[in-house]
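2 protein chains.
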Amino acid sequence: MDKTHELEIVGKGVPQIYGIEKATGSAKYTVNVELPGMLYLRFLRSPHAHAKIVRIDTSRAEKLPGVKGILTFKDIPQVKFNPNTRFNFFGALPNDMYILSEKARYVGDHIAAVAAVSEEVAEEAVTLIDVEYEVLPAVFEPEEALKPGAPKLHGEESNVLQQISLSHGDIEKGLKEADFVFEDEYKTQIFHQATLEPHVCIADYALEGNLEIISSTQVPFQVRHVVAKVLNLPINKVRVIKPHVGGGFGGKDEVFDEIIAALMSKKTGRPVKAEMTREEDFIATTTRHGFVVSLKVGVKKDGTLMALQVKSVQNAGAYCTSSPRVLGAQSARTLLRYRIPNYKFDGYSVYTNLVPGGGFRGYGGPQINFPLESLMDIIAEKLGIDRVEIRLKNCIRQGDLNITTKNPIESCGLREGLEKCVEKMDWYGKKSKVTSDGRRRGLGLAIDAHITSSFPRGAESSEAIVIVNEDGTINLKVGSSDIGTSSDTVMCQIAAEVLGLTVDDVSIAAGDTRNTGWDVGAYASKTTYLAGNAVKRAAAAAKEKIIQETAKILAIAPEKLECKNKNIFSKDDPAKNITLPDLIQKILASGEPFQITGTGSFSAKSNAPNYSVHCVEVLVDPETGKIEIPRYVAAVDAGTIMNSVALEGQVEGSVHMGLGYALTEELLFDKSGKMLNSSFVDYKILPAAETPRVETIIIPSYEPTGPFGAKGAGEGSLVPALAAVANAVYDATGVRIKELPITFEKLYTAMRKK
Amino acid sequence: MDKTHELEIVGKGVPQIYGIEKATGSAKYTVNVELPGMLYLRFLRSPHAHAKIVRIDTSRAEKLPGVKGILTFKDIPQVKFNPNTRFNFFGALPNDMYILSEKARYVGDHIAAVAAVSEEVAEEAVTLIDVEYEVLPAVFEPEEALKPGAPKLHGEESNVLQQISLSHGDIEKGLKEADFVFEDEYKTQIFHQATLEPHVCIADYALEGNLEIISSTQVPFQVRHVVAKVLNLPINKVRVIKPHVGGGFGGKDEVFDEIIAALMSKKTGRPVKAEMTREEDFIATTTRHGFVVSLKVGVKKDGTLMALQVKSVQNAGAYCTSSPRVLGAQSARTLLRYRIPNYKFDGYSVYTNLVPGGGFRGYGGPQINFPLESLMDIIAEKLGIDRVEIRLKNCIRQGDLNITTKNPIESCGLREGLEKCVEKMDWYGKKSKVTSDGRRRGLGLAIDAHITSSFPRGAESSEAIVIVNEDGTINLKVGSSDIGTSSDTVMCQIAAEVLGLTVDDVSIAAGDTRNTGWDVGAYASKTTYLAGNAVKRAAAAAKEKIIQETAKILAIAPEKLECKNKNIFSKDDPAKNITLPDLIQKILASGEPFQITGTGSFSAKSNAPNYSVHCVEVLVDPETGKIEIPRYVAAVDAGTIMNSVALEGQVEGSVHMGLGYALTEELLFDKSGKMLNSSFVDYKILPAAETPRVETIIIPSYEPTGPFGAKGAGEGSLVPALAAVANAVYDATGVRIKELPITFEKLYTAMRKK
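Keeping their order, the protein sequence lines are chains L and U. Counted the way numbering that gives the first Met the number 0 counts, the first sequence spans residues 0 to 753. Counted the way numbering that gives the first Met the number 0 counts, the second sequence spans residues 0 to 753.
For the record, the hints were derived by calculation from the structure and aren't laboratory data. There's no promise every hint is true.
Copies of the same chain are indistinguishable here, so a pair counts whether it falls within one copy or spans any two.
[What the hints assert, rightly or not] DSS-like mimics (lysine-lysine), calculated; alpha carbons at most 25 Å apart, straight line:
1) Lys565 <-> Lys430
2) Lys544 <-> Lys604
3) Lys73 <-> Lys62
4) Lys310 <-> Lys753
5) Lys563 <-> Lys228
6) Lys62 <-> Lys265
7) Lys310 <-> Lys21
8) Lys102 <-> Lys392
9) Lys266 <-> Lys27
10) Lys405 <-> Lys585
11) Lys604 <-> Lys429
12) Lys585 <-> Lys604
13) Lys419 <-> Lys266
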């Protein structure tokens with residue numbers, strides 16, 4: 000099945016296999032799971048950004064009827080761990096988190112856990128725990144945290160969690176050889192994944208040594224690994240089940256309350272559910288890291304990029320989680336988008352007394368894309384070069400070196416994306432810069448390259464099994480995690496395509512670590528790429544057996560046979576055929592009956608960059624700073640499209656999130672580190688009414704390493720939105736905002752200042 | 000791993016892996032499953048043994064608050080099916096059962112089903128259904144049913160459900176060449192499997208086209224097949240889950256209320272639970288078939304068997320279920336035990352208006368063993384030959400032809416079993432025939448051969464998958480069904496043995512058709528043999544990969560490597576080694592990471608007969624007929640013993656059931672076909688206090704086709720108990736009982752008559 004093979008199932012807008020149950024409300028999420036005898040977990044959380052527990056007294060809480068267990072740091076071994084430990088990644092992350100600690104490092108940090116027969120009782124018990132804190136000085140901004148006398152979060156060492164450098168070529172030489180050097184600094188805000196479903200998990204440790212966890216997670220096998228490691232259990236004794244998940248976006252990419260719930264279940268002998276309130280989900284999970292990024296760019300007169308020097312400072316918050324990985328991912332990202340002969344990146348991940356940053360769609364990409372794509376516009380203007388041309392001149396092309404993998408880039412639709420996007424937007428058209436009602440019109444543009452899988456930073460691998468039932472239908476088992484992206488549907492499409500079946504013929508069992516081989520989890524835009532390839536191989540293995548057995552029965556050479564419509568036939572003479580159910584009956588009636596199964600394993604040997612080009616038109620009201628977005632064009636090169644409906648969902652959702660990033664979303668903290676807008680009333684996700692219809696352009700592309708030519712598509716379409724909007728706002732108003740979000744107020748103030 | 004390999008895990012008395020949860024009561028059976036919104040199903044059952052519904056009115060029942068759905072034959076397509084249809088068997092069974100019919104064929108037959116919010120409401124609603132029956136003449140005994148004018152159960156055809164013949168050699172010639180011909184007739188009773196857990200299932204058809212069934216079944220894949228077939232669903236849309244099962248013994252070897260529960264779930268949109276009461280479990284499931292067996296045996300003066308002619312009449316009850324298969328299994332059974340050069344079997348399965356017979360531990364074996372083993376004693380006495388000698392002379396030996404498979408018998412411990420059993424019982428010792436308190440002492444003996452798998456009557460196959468976790472522990476997936484026999488434990492032992500791990504290192508996921516390859520189910524004493532071989536192969540495939548990867552890393556030839564204690568080492572120099580977790584880390588760190596998995600498929604090409612020899616001592620009180628059993632010796636050739644504790648459990652349980660068969664258990668019906676003892680108060684299972692301690696002798700044996708040399712052990716030890724007891728009673732009293740059970744009253748009456 001090569002590039003020229005005509006696809007029957009893959010690429011079609013097959014409805015999500017869970018569509019009906021999700022639409023009718025019968026789909027089961029973790030929050031819907033109620034187990035007999037289940038207890039409910041609530042936490043006492045620190046009101047201080049930095050404090051030591053001097054005295055903690057749970058005796059009043061223990062006496063409350065219905066309370067079944069209370070845990071504080073005194074009850075728990077003080078083992079440090081990292082909730083983002085991946086079993087497949089090279090290089091360990093620092094372990095700096097305790098299950099429960101005697102020190103709080105941010106407002107919301109866990110102090111004590113109560114399990115009770117109802118949430119209400121647990122909640123009341125929490126209020127009955129008496130704590131005396133020694134409040135410690137706190138620090139919230141990396142630049143403050145880096146100062147010599149700053150309060151230290153973890154021991155006496157510096158607050159630098161990790162320093163990451165990357166260089167390529169000779170930065171000094173590059174800057175010297177440039178005709179012009181531009182310098183600039185940009186700041187991006189802390190905000191939240193704001194999944195519709197808050198974090199929730201259930202742990203059932205009813206039997207000593209066997210632990211079952213139900214969790215709203217993106218990474219069931221990672222949860223299994225971390226929980227087993229921290230609780231010192233063998234992997235086979237831990238089972239993690241992932242029901243439907245109401246959104247992840249990187250925010251469910253690690254272990255949260257699974258460990259404490261497990262310990263509480265062990266203590267009480269009952270299943271324990273830990274379901275976060277919306278407020279807790281905001282204040283005590285992980286956020287998008289705030290960054291300050293300084294750039295120094297050397298260019299030739301003609302706009303050719305000669306050198307890029309980056310200093311990136313990441314606000315990691317109070318614990319490590321995945322911060323160094325986000326920074327590491329950021330370090331090389333630009334080199335997948337632009338040809339830059341001389342490059343130097345110095346990144347600093349810095350502890351502060353805020354809720355930790357963590358995984359978030361784009362994973363460090365937006366925070367470097369926004370600065371550079373803004374600066375590209377500034378450079379173009381300064382050099383008198385067209386904004387499109389400067390990008391066409393410098394952008395990566397097929398065959399260029401992928402600096403992260405040291406292999407050539409095998410597919411790249413950046414140029415075509417730029418051309419088509421600009422054409423669709425009528426970029427060079429002569430629309431008036433001012434509307435009839437006095438608003439200023441502007442166009443903006445930005446491009447991005449995003450990785451498909453974390454290769455080579457980890458052993459990115461996935462396993463699949465295809466089991467052929469006696470009527471020729473399929474049970475497909477794969478470790479991948481559908482967190483709402485339709486990836487399970489895509490897996491069914493792939494198996495159906497290979498085996499000549501319909502999607503309805505395939506049932507998938509995923510999301511249960513006991514029942515499938517591993518998959519590293521739903522992150523890095525790679526489920527289709529990784530698990531899709533594993534499924535394709537598993538289905539191909541099953542198909543090979545089907546063909547082999549048919550060849551024996553029909554006495555036709557295997558290479559002359561094909562499968563379609565549950566039928567195996569001679570390509571030369573389709574009348575020579577046998578249906579799949581009949582074939583299975585013949586196998587059963589043979590002397591050596593067996594079930595046709597196929598296994599498939601795939602590990603990434605590329606990160607197959609996927610590309611996005613965004614063009615946006617904005618209208619700015621000069622009286623209020625209000626930004627309206629009448630048009631948004633998003634071109635995407637995701638290789639072969641597996642499911643057009645699912646792809647459009649990813650692009651539209653990403654753009655929406657990117658626009659929120661650009662315009663409205665930000666977590667605000669008071670001077671004591673307390674979050675000010677931890678509710679959907681106060682935290683402003685971009686409303687549907689303010690979100691433009693996204694005009695998606697699919698760039699024809701074929702990634703040879705992907706299943707049927709596919710690449711990732713889950714994150715990249717978020718990234719260019721920030722700069723595209725900022726560039727369009729500048730185009731409209733002449734005001735350049737370098738600190739996100741571009742709130743109406745901020746823009747109004749800047750316009751006034753100007 | 001051959002015969003001489005020293006076994007580390009297999010053969011040990013490893014405790015059942017579910018031991019703690021079963022002992023503490025936390026193990027989940029189907030009866031414990033409660034789903035949100037679940038409805039409860041109750042049935043209106045026929046009070047008549049044979050009747051036609053003239054009018055049925057559910058309107059009063061429908062009005063009862065809490066009633067959510069009522070189904071009668073009018074609501075259901077009148078499609079005939081057989082609940083025992085196996086997807087892997089050759090030759091279809093007659094379809095004669097309706098989901099709900101307008102005709103009742105036995106007392107207890109389903110007339111209408113009610114689903115309500117509670118069992119109480121459903122129960123009350125049942126009483127509000129008005130039915131007018133046309134009562135039809137009924138027939139209960141096969142000999143009556145065979146008479147020309149007898150009432151017909153299914154259409155106008157004869158009540159002969161099926162006639163089965165088997166012959167071998169020349170029966171006429173054999174009888175002619177015999178010195179003596181003996182004729183005799185024996186009758187065995189109808190009785191019940193009486194599992195501790197009654198039949199129960201839950202069907203959840205919440206989403207059109209996806210049906211989930213939780214069932215207390217021995218055969219999940221068969222349930223899936225039959226339900227899909229009858230409801231016209233693709234196999235991949237039906238999922239059958241088997242939680243812990245509280246005993247099967249053949250009684251859960253087919254579909255019961257799963258189909259009607261599914262239809263009710265479809266109608267109501269809610270999960271539906273159908274849990275039988277103890278009474279329903281007696282009156283409306285399946286029973287042990289009653290048989291009348293007539294024998295004609297030709298022998299030489301020296302006791303050599305020359306010919307055996309059998310006429311076997313089976314009381315099938317009202318529907319076919321598995322009756323012809325039970326009769327077919329019986330037809331050849333004797334030829335696996337004795338060398339009989341000339342043989343003829345004529346069997347008649349006959350419909351009557353009683354609850355149907357079905358699968359039951361021994362599957363037709365006891366009903367032919369009791370007659371022939373009784374007659375062997377009669378012949379021995381008549382010819383003046385020792386009872387042991389006549390069996391030693393005639394019994395099957397290794398290398399003899401297995402008449403059912405046409406291959407030689409590869410292992411046979413019958414002779415050794417006879418010798419050891421007799422020795423242990425001190426058979427030739429001079430114990431007084433009368434005790435000091437006047438009771439008569441007697442010794443009895445019987446032998447049996449039972450099949451391991453139904454080969455060649457079906458494609459007996461099983462599939463297994465071994466998945467190696469990142470810490471070297473194992474997730475094992477196999478389709479086999481542990482119904483309380485410890486077979487899951489045995490599967491873990493096999494995987495651990497092959498891979499050099501402990502049982503604790505292996506977790507098994509079984510009992511869910513969505514998550515494993517198929518296994519044909521827990522019947523025919525073959526789970527260890529079939530699934531065990533599949534697991535062994537899957538583990539061996541995983542081991543091969545482990546060895547291959549180690550060979551690369553350590554630069555040692557694969558054949559020089561061995562796995563033990565989670566360590567792979569050079570057999571020549573054990574210091575050259577790598578631990579399994581380290582190996583996996585190296586694979587993850589390689590350029591081509593993958594998870595080590597292995598798949599295994601096994602199909603039986605033998606039925607590897609397993610053998611039993613029982614010796615029993617009885618004491619009979621001549622004043623009351625009371626039989627006491629002071630000693631019971633059971634020798635078993637089950638090949639290599641996989642788990643000594645589990646084996647002893649099977650032998651002891653089988654003997655207990657066989658003694659109940661011999662002495663106490665019988666379903667009684669009044670003249671209208673109504674069961675008289677459908678409760679544990681009235682139905683007499685042999686009490687523990689009356690059950691002897693079983694002295695088990697394990698005959699060393701090695702079956703080359705079995706995993707590590709194992710054969711079946713689940714049924715054979717029931718079979719000889721009947722004749723052994725009857726023979727001992729004769730030895731004690733001189734009274735030969737030819738109609739089971741040998742109740743004290745029956746024996747007393749017979750002794751008085753004599």
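Hint check:
no. : hint              : result
1   : Lys565 <-> Lys430 : neither (55 Å within a copy, 72 Å between copies)
2   : Lys544 <-> Lys604 : between (27 Å within a copy, 21 Å between copies)
3   : Lys73 <-> Lys62   : within (19 Å within a copy, 60 Å between copies)
4   : Lys310 <-> Lys753 : neither (28 Å within a copy, 110 Å between copies)
5   : Lys563 <-> Lys228 : between (46 Å within a copy, 23 Å between copies)
6   : Lys62 <-> Lys265  : within (20 Å within a copy, 48 Å between copies)
7   : Lys310 <-> Lys21  : neither (45 Å within a copy, 61 Å between copies)
8   : Lys102 <-> Lys392 : neither (53 Å within a copy, 84 Å between copies)
9   : Lys266 <-> Lys27  : between (28 Å within a copy, 21 Å between copies)
10  : Lys405 <-> Lys585 : between (50 Å within a copy, 22 Å between copies)
11  : Lys604 <-> Lys429 : neither (46 Å within a copy, 81 Å between copies)
12  : Lys585 <-> Lys604 : between (40 Å within a copy, 16 Å between copies)
13  : Lys419 <-> Lys266 : neither (61 Å within a copy, 53 Å between copies)
Going through the hint list in order, the structure does not satisfy hints 1, 4, 7, 8, 11 and 13.
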